[in-house]
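Enquirer: Spelled out from the first residue to the last, the chains are:
Protein chains: 2
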Amino acid sequence: MYTTNKDRMTEKIEYFSKFGALEGGGITRLSLSAPALEARAEFAHRATALGMTVESDDVGNTYATLPGSEPGLKRIVMGSHVDSVRNGGNYDGIYGVLSSLEAVETIVTEKIPHRHPLTVMFWTNEEGARFEPSMMGSGIVLGKFEKEKMLDVVEVGGKETFGSALEKSGWIGDVKNRLSKENYCAYFEPHIEQGPVLEEEGLEIGVVEGVVGMVNYDIILEGVSSHAGTTPQSYRKDALRAAAKTILDLWEKLGQLPSDLVFTTGEIFCKPNIHTVVPNYVKFKLDARHKDMAVLAQVVDVIKNLPKDVYGCKLSYEEHWGRTSIAFDERQIGFIEGAAKELGYTYKRMYSGAGHDAQYVSEMLPAVMIFIPSKDGLSHTVVEHSTADQVWRGANVLLNAVLAADRAL
Amino acid sequence: MYTTNKDRMTEKIEYFSKFGALEGGGITRLSLSAPALEARAEFAHRATALGMTVESDDVGNTYATLPGSEPGLKRIVMGSHVDSVRNGGNYDGIYGVLSSLEAVETIVTEKIPHRHPLTVMFWTNEEGARFEPSMMGSGIVLGKFEKEKMLDVVEVGGKETFGSALEKSGWIGDVKNRLSKENYCAYFEPHIEQGPVLEEEGLEIGVVEGVVGMVNYDIILEGVSSHAGTTPQSYRKDALRAAAKTILDLWEKLGQLPSDLVFTTGEIFCKPNIHTVVPNYVKFKLDARHKDMAVLAQVVDVIKNLPKDVYGCKLSYEEHWGRTSIAFDERQIGFIEGAAKELGYTYKRMYSGAGHDAQYVSEMLPAVMIFIPSKDGLSHTVVEHSTADQVWRGANVLLNAVLAADRAL
Chain P
247 MYTTNKDRMT
257 EKIEYFSKFG
267 ALEGGGITRL
277 SLSAPALEAR
287 AEFAHRATAL
297 GMTVESDDVG
307 NTYATLPGSE
317 PGLKRIVMGS
327 HVDSVRNGGN
337 YDGIYGVLSS
347 LEAVETIVTE
357 KIPHRHPLTV
367 MFWTNEEGAR
377 FEPSMMGSGI
387 VLGKFEKEKM
397 LDVVEVGGKE
407 TFGSALEKSG
417 WIGDVKNRLS
427 KENYCAYFEP
437 HIEQGPVLEE
447 EGLEIGVVEG
457 VVGMVNYDII
467 LEGVSSHAGT
477 TPQSYRKDAL
487 RAAAKTILDL
497 WEKLGQLPSD
507 LVFTTGEIFC
517 KPNIHTVVPN
527 YVKFKLDARH
537 KDMAVLAQVV
547 DVIKNLPKDV
557 YGCKLSYEEH
567 WGRTSIAFDE
577 RQIGFIEGAA
587 KELGYTYKRM
597 YSGAGHDAQY
607 VSEMLPAVMI
617 FIPSKDGLSH
627 TVVEHSTADQ
637 VWRGANVLLN
647 AVLAADRAL
Chain H
247 MYTTNKDRMT
257 EKIEYFSKFG
267 ALEGGGITRL
277 SLSAPALEAR
287 AEFAHRATAL
297 GMTVESDDVG
307 NTYATLPGSE
317 PGLKRIVMGS
327 HVDSVRNGGN
337 YDGIYGVLSS
347 LEAVETIVTE
357 KIPHRHPLTV
367 MFWTNEEGAR
377 FEPSMMGSGI
387 VLGKFEKEKM
397 LDVVEVGGKE
407 TFGSALEKSG
417 WIGDVKNRLS
427 KENYCAYFEP
437 HIEQGPVLEE
447 EGLEIGVVEG
457 VVGMVNYDII
467 LEGVSSHAGT
477 TPQSYRKDAL
487 RAAAKTILDL
497 WEKLGQLPSD
507 LVFTTGEIFC
517 KPNIHTVVPN
527 YVKFKLDARH
537 KDMAVLAQVV
547 DVIKNLPKDV
557 YGCKLSYEEH
567 WGRTSIAFDE
577 RQIGFIEGAA
587 KELGYTYKRM
597 YSGAGHDAQY
607 VSEMLPAVMI
617 FIPSKDGLSH
627 TVVEHSTADQ
637 VWRGANVLLN
647 AVLAADRAL
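Keeping their order, the protein sequence lines are chains P and H. If you read the first sequence in our numbering, its first letter stands for residue 247, the second for the next number, and so on. If you read the second sequence in our numbering, its first letter stands for residue 247, the second for the next number, and so on.
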């Protein structure tokens, strides 16, 4: 088994943490912003120094490739993204890029033989924090979003379009450089877990089997607004009381489905939201995720069977959006699991609850992800953290998995 | 028994409804705004035409007085306010002023003898919709608010201060004109009920015995925010789930107190309020009102005995504000009840759940209110409505109650 260089890996994380650094920790590195362009430039500089060729495609997705020993073989690609959310952390996204770079740096410096060209890549605008939706770069390449529509997307809270920001960035390359079945044969994406499971269970590596499916519903309660001081309780049709009842009902009923179902009522909107007025309208969102779409169908059944009248308020619902569960390629999963096992790391096979570029890529290439633990399960926050050892172990699993793929494919 | 003129009463309501009229009905007539000044001018014009002397005090509260037959007697005063909330109706406030004016017009035109001077008044800025707090004009006169501080209050969503708006209005008069114990002996305030009780019970008049006391608490649930897709349910400390539980608990526990207690959770604030994040902080308000302060003390006990841990979230509370229950003067109540009875109107003695200028005045003068039914219990909305008959009956009760007071005092 090979291992990457822990100090070098730590240095990469620390160095890139300065691009968009916030006072007191964390970063804001929105897609194509000045700090994101600094991170891109530093990546290109380091990749070039390792003998890699850096190319971008027509939406700024960027691929740095180290030649392999056997002509005609397709590339093995690994990576993630360099952008962050507002007030994000030093690991989400960038960890996947830097652990990939470290794996290649190890291969270069230790002259580890490999047959396939090895590509380290990052996707443009994974977070969608500046330009919605998220996973835009991979979504365009995988045909999920129309490029022309995406170019017209205006930044959140500003005036610049994605197209104009891309143009100004200098990172527009050739459409022919896009990830493709013709030129690539396998995709690896290391990432922080963004959840508490690995840490709570004392495990070192998550072997990611897929990305859970998701349903997202608006649930609406409509009552009658009336004066807080003059309306006897028995006359009230209080939409917030009805929403509270419905939220608890959902916890109770969804709690009876398989225990690995996750569901969240994270967003609520109350009208008129004045303390002296009985609310007449409350809308909240239900987000539910599971790897088995049949379980999500049960969730939808629960929603459809909610009582239509809750304390005199009318209940209705609306499907907001959803996504199908994605299972990663079993052979790819095997490379990760094999590497973790041989390195002697504790691990578990698990599904990702969050969305990742890998889920789109998996429709084109055999794909897989590696998770490392997140301190307290936190991400999208400045206190997001993984230890130097956790970071290093993930890079080691990646390195050996890629080399296994290189031998096998 | 005397009666006012129904057509004339209806005309008054319709005429004043144009000041600040909105397309499709209702009004926005914020205190001291252009339409409020038009309403003031029209009031002064009509009062003067009836032989009344119009005076304002130093904060624009305005008093139109018709002399009585017996020198040296104090004034009997009746009225309410001319301002409205944003997108308010044609009755809240203005009805009290116009029914008072109609009562005096009846006395003048029918030459009804009366001993005391009779004053029709309106208070400045009852609603507090433009300048907070509400009941500002009466609050200043009754020593609830410091005038100098109030003059510096900046309008909601704008830059003008109350002091500057008052200055520009031309309605600043002499501080000596303020309502006082020395010059006044009784206060009557007709108003729409703003609740459903009279309509639901098929009654024509509410004989208002007082204004309920109130407590207002912030209730806060603090959990831990985490990713909606990656955090198993059992690890969650979901502040919105905990708030939902607490709202239902409050309904259950407060529902065991006397049935005329009203309580409302009308305002909720959820952080970060993103559908993909478990909420870590929810604050909601509890407003509870009852005429008996001992019942409100039981409400406070319920709040203090809420569990401090709800689904792993920390519960805390903060008293926001409160007010003591006010009982109106029994003799004044008797004038109203007697008039309603002699006119053959159906009525009930009841407390006001909403706050009114009369509650401040009651600390200085024998005061009372008359309620007329509100369609569907609605107020502070463009569809606020009372029928011409309901409006007229209220004016008739006022007229006869004032004349009874005139004889008795």
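Hints are not guaranteed to be accurate.
No distinction is drawn between identical chains; accordingly, a pair holds when it is met within one copy or between any pair of copies.
In silico BS3-like links for lysine-lysine, alpha-carbon gap of 27 angstroms or less [what the hints assert, rightly or not]:
| # | residue 1 | residue 2 |
| --- | --- | --- |
| 1 | K621 | K320 |
| 2 | K252 | K499 |
| 3 | K529 | K587 |
| 4 | K621 | K560 |
| 5 | K264 | K390 |
| 6 | K357 | K587 |
| 7 | K517 | K621 |
Read the hints as simulated data drawn from the structure, not as lab findings.
Enquirer: A separate judgement is required for each hint: does it hold in the structure or not?
Expert: Evaluated hints:
no. : hint        : verdict
1   : K621 x K320 : neither (37 angstroms within a copy, 76 angstroms between copies)
2   : K252 x K499 : neither (47 angstroms within a copy, 59 angstroms between copies)
3   : K529 x K587 : neither (47 angstroms within a copy, 47 angstroms between copies)
4   : K621 x K560 : between (42 angstroms within a copy, 22 angstroms between copies)
5   : K264 x K390 : neither (33 angstroms within a copy, 55 angstroms between copies)
6   : K357 x K587 : within (24 angstroms within a copy, 105 angstroms between copies)
7   : K517 x K621 : between (37 angstroms within a copy, 21 angstroms between copies)
Checked against the numbered hints given earlier, the structure breaks hints 1, 2, 3, 5 and satisfies all the rest.
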